Amino acid sequence: MLFCGSVLALLLLVWTVPVMSTEDCKHTAEVIEIAAGIYMRPGKHAVVFDDEAVANIGFVVGKRCVAVIDTGGSNAEGQALRCAIRSVTRQPVCFVINTHVHPDHMLGNLAVREPGVFYIGHTNLARALALRGTVYLERAAQQAGRPLGPEHIILPDLSVDRQLRLDLGERVLELVAHPIAHTDNDLSIYDENTGTLWLSDLLFMEHIPVIDGSIKGWLKLLEALKDKPARRVVPGHGPVQAAWPDAAGDTQRYLSSLRDETQERIAEGDDLREAQKTVAYGERTRWQLFENYHKRNIIAAYTELEWED
Amino acid sequence: MRYSLADCTGNWPSFWLLAAMLVMSGTAVADTEEDSVWLGGLRTTYFGDRPIVQSDDVIELEAPERAEDSAVVPIRIKAKIPQTEEHFIKTITLIIDMNPGQLAGRFHFTPKNGRADLGLRVRVNAYGPVRAIAETNDGKLFMSRRFVKASGGCSAAVGTDIEAAKRRMGKMKFRTDKPVLNGEPLAVQLRVSHPNLTGLQMDQITQLYSTAHFVEKVAVSFEGQAVFAAETGFSLSENPSFRFYFVPDGAGELHAEVIDTEDLRFTGQYAVVPDK
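Protein chains in written order, with our numbering: chain A, 1 to 309; chain B, 310 to 585.
Next up, chain B with everything else stripped away, as it sits in the complex:
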């Protein structure tokens, strides 16, 4: 998945195309104008005409109503159902309607997560809906949606200590909560140092935009078994941070591999030792 500047020109389908799609898909009509971008093409792009239940009963998205810093908007997705072998959340898709490159990321879970919670930070470029869509292993889709007031997150200058950020690129930090218990979901925080350039940050001297350069893939395993995977876009804030759960079944090593748009690969390890 690559984003180009063309993405930011915002060529939304016309009203008639929108109307036609609504008729064709036969789905419910938007309650407000707020969903026009979603209904005008986003929904079809990512989910075709599959039914989506709008509900906070499977996952619930938590986001600030008004962001203090549009380049660092902390959000959390809370799973309302446990991850069991029979029934679990397989994928969570995070979409920010008004961002260039609306797909912020796709995040993959397994029963080994115990709970499919996810915490991360995103950029929000304009007032609009942020939506998380969960797909369960039986192929059903559930959407939780919040309206976030923020603007300029994608064109905001990156960080402040540019030199420190350059030196640190690719560095990773793992952290787990305490206590570590066999068979119990354990919270893991994975931090990746990366500027995650959007390509929309303009240099006024040269009148040129920085080249987009961002983390595209994240894969975390525990003793060789996948516990978290993601495909991500530049809507994730600088220094992407992921908080998720997995259920340890003994001592072992967490291993993370991160790949960015320039095909740079970074790895990190972390030893997990159960307390009992």
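Just chain A, with the same shape it has in the complex:
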């Protein structure tokens, strides 16, 4: 595994990527060009493994090659995305960027593989995939009825520990590895040409945020990211694009109420079971899938905050 801060070595490598030949595309994902050369396949709000095409995924086309940003929750989703890429460009795919470990974002990884492709993720992504990969494959088989072999869990070839600039040909993507927030392996992508900041699951809109990292870390990160001048952002779940930093408001408000009310319950001596009945229910009507994830978020918040000094 390469730990890399330089893009020059990569440039030499990607020149050898062959262009794909004709492909069998029974199903092509519908994508929207949200800015010049940036395509997004919108996800629908549903519970992971209960449905397909849950996350917002997409790709960015440069003059020389294509970077895929997340690949969906199944092999079929990855294939449909690959067909969408082929419907738009003949450029080869040179990078597959996994924004984090969650299965709705990365189980299509194998389907977009091409010779010479580099899989790229946060420096903590390999560990997270190693620890959870088996469980995700089991759930894909049991819950979704889509058995997948271990080859569908692809560890990154390149790990980003701080930031990495990728040149796609007259187009540079800036990848930033963040400290623990939504997960402990979140990566964001900034396209300098169009001012597009692809935040993936660091930002939720409409769909209730899901905490799998640190509620405090996430709030801190959102606050810091607000200073980033971006013409538009792409949430991991929600509309195809939104204005920044206004788009952060809902996620911040939800996480803040959850944090504040959980802290109050802990200080009052309520145990986790009691806290689950009372914390942040003012948010109920503001989110889709609230009933599916809110109580779980309270567990995440409580078990983190009870160890605060």
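Rather than coming from a laboratory, the hints here were simulated on the basis of the structure.
None of the values given here were measured: they were computed from a predicted structure.
Treat the hints with care, since some could be wrong.
[To be verified] Computed footprint of chain A on chain B; a stretch qualifies when at least three of its residues, placed anywhere within it, have a C-beta under 8 Å from a C-beta of chain A:
| # | segment |
| --- | --- |
| 1 | 392 to 405 |
| 2 | 474 to 484 |
| 3 | 499 to 510 |
| 4 | 531 to 537 |
We treat Cβ as the ideally placed atom computed from N, Cα and C, and that holds for glycine.
Guided by the hints, dock chain B onto chain A, whose structure is given.
Okay, now just chain B, sitting in the frame of chain A:
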């Protein structure tokens, strides 16, 4: 008590062995298939042929019907009888039928608890019954049982902030409710920072399982007198948390000693000062 990987292979006794045991013990037949693991050997392992009354009149187990997070399932056991010198709950045994290492823990109480309530968090590996069995000081057994829908709790990856968890191992946090009154049961929350590794968490790169490493013994005393003791297994969630009661009889210090499977010992103290 040590758990090994062999525990998770789930070698349940055959139907015939089950049938034979039912006949031998002469106890009531299972109402549903849900209790097959319990009747197929668990019951005999832990309680022999002693009679067990299934009832929520002595203790009542509260558990979510469907767990939001199978690695952190909050449960509570409510005592329905007071702890008096003459009659009290001595031990509560918590069993999760479908877990590898089904014995989640044994928890010991005395009249000094005032009430033998217990709150904790467990891992649940597959849909199945969770049962709490109370033994009173006269040797009688009472069982409260709930069916919990959850899966994967034992193989789920540990926590999310692994670095923070490593730094914190062995740290303890005590908390008591307010007000603190002499002679009145006082709720105590004891939190222990420990990964409580099950040994079933697989690393897909190495294809190896993490070594089981979990809290095995907990002993809490107040001014030298035992107020809570437990032998526990890896079915307790990461960072084990215990909520129990004791009756203070003046100012003093709560002292906790925790021992894990690697024989690491951790201690914690907390001053209790009555409000009046």
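Exercise. Among the hints numbered above, which are violated by the structure, and what are their numbers in rising order?
Worked result: 1 and 4
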